[in-house]
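Sequence lines, in order, name chains A and B. Heads up, the working numbering is the position in the first sequence plus 47, with the first residue counted as 1. Heads up, the working numbering is the position in the second sequence plus 47, with the first residue counted as 1.
The set of hints was computed from the structure by calculation and includes no laboratory data. All values derive from a computational prediction rather than experimental measurement. Incorrect hints may appear among the rest.
Given that identical chains are not distinguished, each listed pair holds provided it fits within a single copy or across any two copies.
As the list claims (entries may be wrong) - In silico BS3-like links for lysine-lysine, alpha-carbon gap of 25 Å or less:
(1) 626 / 656
(2) 626 / 66
(3) 573 / 656
(4) 487 / 656
(5) 487 / 573
2 protein chains.
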Amino acid sequence: MADRDVLDVPALTATLDGKYAEVRALVRSNLAAHAGILEDQRTLPRDEFRERVLEVVQEMAATGQTGFGFPAEYGGGGDVGASVAAFETLALGDLSVVVKVGVQFGLFGGAILQLGTRPHHEAYLDDLIHGRLLGCFAMTESGHGSNVQALGTTATYDAGTGEFVLDTPDDRARKDYIGNAARHASHAVVFAQLVVGEESHGVHAFVVRIRDDRGEPAPGVRIEDCGPKIGLNGVDNGRLWFDSVRVARTDLLDRYAAVTEDGRYTSGIENANRRFFTMLGTLVQGRVCVGGAAVNASKVALAIAVEYAQRRRQFGNPGSGTEEVLLDYGMHQRRLFPLLARTYALHFAQERVAADLHAAFSDIEEEGAAELARRALESRAAGTKALGTWHASRTIQECREACGGAGYLSVNRFDALRADTDVFTTFEGDNTILMQLVAKGLLTDYKDSFEDLDQIGLVRFVASTAVETVLERTNARSVLERLRDVVPVGGRTAEEVPDLLDSRYQLELLTWREEHLLASLARRLKSGIDAGTDPAEVFSRCQDHVIGAAHAHVERIVLEAFLDKLATVEAGPNRDALKLLCDLSALSGVEADRGWFLEHGRLSGARAKAVTAQVNELGRRLRPLAQQLVDAFGIPREMLRTELLEFSGS
Amino acid sequence: MADRDVLDVPALTATLDGKYAEVRALVRSNLAAHAGILEDQRTLPRDEFRERVLEVVQEMAATGQTGFGFPAEYGGGGDVGASVAAFETLALGDLSVVVKVGVQFGLFGGAILQLGTRPHHEAYLDDLIHGRLLGCFAMTESGHGSNVQALGTTATYDAGTGEFVLDTPDDRARKDYIGNAARHASHAVVFAQLVVGEESHGVHAFVVRIRDDRGEPAPGVRIEDCGPKIGLNGVDNGRLWFDSVRVARTDLLDRYAAVTEDGRYTSGIENANRRFFTMLGTLVQGRVCVGGAAVNASKVALAIAVEYAQRRRQFGNPGSGTEEVLLDYGMHQRRLFPLLARTYALHFAQERVAADLHAAFSDIEEEGAAELARRALESRAAGTKALGTWHASRTIQECREACGGAGYLSVNRFDALRADTDVFTTFEGDNTILMQLVAKGLLTDYKDSFEDLDQIGLVRFVASTAVETVLERTNARSVLERLRDVVPVGGRTAEEVPDLLDSRYQLELLTWREEHLLASLARRLKSGIDAGTDPAEVFSRCQDHVIGAAHAHVERIVLEAFLDKLATVEAGPNRDALKLLCDLSALSGVEADRGWFLEHGRLSGARAKAVTAQVNELGRRLRPLAQQLVDAFGIPREMLRTELLEFSGS
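Only chain A is shown next, with the shape it has when bound in the complex (with noise of 0.2 Å):
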């Protein structure tokens, strides 16, 4: 195939790579450098992976590529921003690295940065930035998974010897599935209930020796390792116990709380749930960097397959006689350009939240004022996390069977990308909880809004939610398409049928879903509650609506982040098929849920139809334009491996 090549893509690569182009150079040149890791992967023992992985982690640490994130006083870039950046793209290579990475650096490094006060930034900073020091993050319990509230083990203080106590008090508190345990970690920040006398003040973080110099576990530790994984099988994920483990009054990382020596516990937040939320907060981090990373990891899906798609011949053309490329065929089109538009969407929604992150932490010092901004920061995480990982997850596969046979031999990296990428749902938070959150937050928000509407806007509010609702108590379509023809829908009357490729009229669609489930949701949970339902049963009856709230939100914010970054980029080709690619993202996403659209009366079968035609009218568009657009990734040509695309063998 020679498509014309009418896009510029190193201009199209520097509008994906933003603000840290550098960083990213560096990181793809570290990951060319490393590229055998790849084939490591496939072919060391599980044991001797685990210790080629911590090799390639310690010689990027050397050059500076995982340190962006810690202040620059102990040896690092003093930029969140660019430490995602370069998370991000680590992502494009071996996935046990980047995990290995976010473990050592996000979770155990951000605990000690973000938990802990100057003390323990001298004692630690400097070491674990430069992998001398190596950590692990010990939060997760057995029996309690994403809800850390409810955490067994405990951490009891000895005034007598002013030293905290730790215990397990039985197998459900073990700490488990904890990355860099099962082998490299000397340290261990430990999540456990503070007791200070009779009284328990909640999840508290500690800084804990788990082995000592030899590399044993320290007196009291109990390790155990997880065994073999799916997948990041060069992560040692392991299992931890504690029994009568004494730390110092000091290890206890005390940022928001602190006990004095006389055995006084102090905090500058007095509510014990909200404490535990900020602490928490701090961690936030972490799912940005999975979210961004799940999105790399996509791009590399489909750079594979659409390359493949291009040389791969099946089945004759009745009229020419030779067999057409697979990427003419209109259903593999299908198949790969939504998923590909989707990618470049949930890449810009990835630096709109990255951008947010960084403004938040850039000064670590600064309270109070920031926390409003935070606490959308974390919903707004928790989403593109949800988002992102699910897409990786979906994409990866569609890409895997789009290669057949092919994409079956671990030779080629969907193996590797599958297997590794699995768990993105499910640690970091696992996204159907962390949609939960999202809705929990926008719930909160909405209340407020309709605290803060003046009278007229209330009337209007709950007249308008009232039609709605009888509407769909008695079906009567008809009637608010009788409205239509006298009501302005967005500033239209029903006879200007907008056009589908009119991104207000998709946001519009979009915000009305969103604002929508979310009244809808209100109401269902609001008359539970009054009619005396057991919140529980309320709450279990509603989860899908709750979740498909939140999924409406985050769909809205996506295609909000696109159209922003549209709004940056010159005229001319690039920009055409970035608008392309943002009307495929939308469209297909209307597409997808349109059972949700007619159901309400806010779309038409006729223009649902329509979408479905439009939606294979951008893929035959976009059909010239696939190769450079997976070019434009600017993924490492190593990172491919290319015998798939060899064994095509056009």
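Position chain B against the provided structure of chain A, taking the given hints into account.
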């Protein structure tokens, strides 16, 4: 969880096992006896695991388990249906064993049985049934994939010596992905273009010795290992090249065509195209078997996920202070129960296609009359294979995620289950291509029934499609609704709202969708052709419509098979449970495609919402039965492995 035992589980197992309960019991007992293979799969190096899989296959063969499909005179069981039942049941265990069995007995053995004649049967069947002669099935080539008719390998008749000379002209024509070829097979059934004199007669099959007695490649044969794969690493897939490899004239499998000593080509089937598809049609058993294996692999995943979700507690019930079990969450029910219901539905659809296969192949000598039935069988086998294998991929993945991090540990079965089944959507016919085959058959049927219509029927038919076309074009949904008021729909007036749980209504919906999609597809194809568009372009543009029509057809026959089965079950709690599963399978299918039903005015918005509410309600009703419903699958406990269930620490 002490749920009441409302079901008679042994009776339900008997309903599922059907006619071949004894065969299934034999396989279950063989599985339990070889349960160690699940551990070997995780721990042995690849080469050793391959040998271990071969041992297990041979030990199972010794019990008669793998020979049911062969004539009794050669030591087989003479019962095709039993052979499918045995194969399916085997899929509760390690899937490399399953695929190795499929290659040796189904593909290699099946080709000799179906394409060969008595001399071939006498020469090979006894040895191959008992695992003394190992063979492979060399059809697929690297450059052609699913397009078998375009194979490049040639078999040229040399009248001087009375031999065929096999050649691989280029790397696109190398045989690829051939199971049993890399290590174990001494013989191969090779598909090649038969050339006699100057004339090519299309693809035929030959028995070729590929290894000598010492296991070295035979003269002129080159063999390469395909290397590690995502899964199924107990199967030795390889590539084959032939360089002037000579085989006797009688090594042509000559049931449908032969070459005389003096080089004259003869065949009972004149038309070359028809001959080709007749030969391929004999391979339908492989598809039936793979579909059944996929359904059974899904059962294993569901049994683990359901039991886990009944033990695992997560987050507090604000009322009681205890954590709730996962399966009490509405979202968790939504994740698992429609898949459970669908697994039952596909089980019965599989039972039906296996029975059709049995009927069609029970007397392999009879031709002609059975051909129509065989064509219908091929279509049904293609459709259920595609739906079953897609279902397995989706179900296993969803179950893995529903078990969170525990599901990611290799010690539990999801790792192997998902990796091994992943290629099921691709092999024995890529699903996308199979669905096109289904659609093609339907369009032919459609044309047939059109021609059979009488004058009045014809007028009615054209008028009704014309009305629909107008409706769709003008989006006058309200017109349709008004029409409904006066026109009986399925024997009711619009005022009588049919019960969603009325099976006839569900079937009516699925039938209406199928007919509508077919009629509109026929019109689109016709009008594209009439307009002079390149047929390849017409096809490419309609490809999603083609596959949608096939989907709708298979969905309908799946529901019919379930309803047929229901009619045979005695009234009581078991039948009530099966009816519940049938409703849930049908309605969750309607819900998933409600966009289409709404778009085409076949469901109103309120009705579509009622479907969603009913799916949730059915999930709540299913909740107390869930454990018994997976127990009824009769999976040997050893196949579930209990590590994950212990991990849940309830």
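> Broken hints, numbered, in rising order?
Replying inline: none
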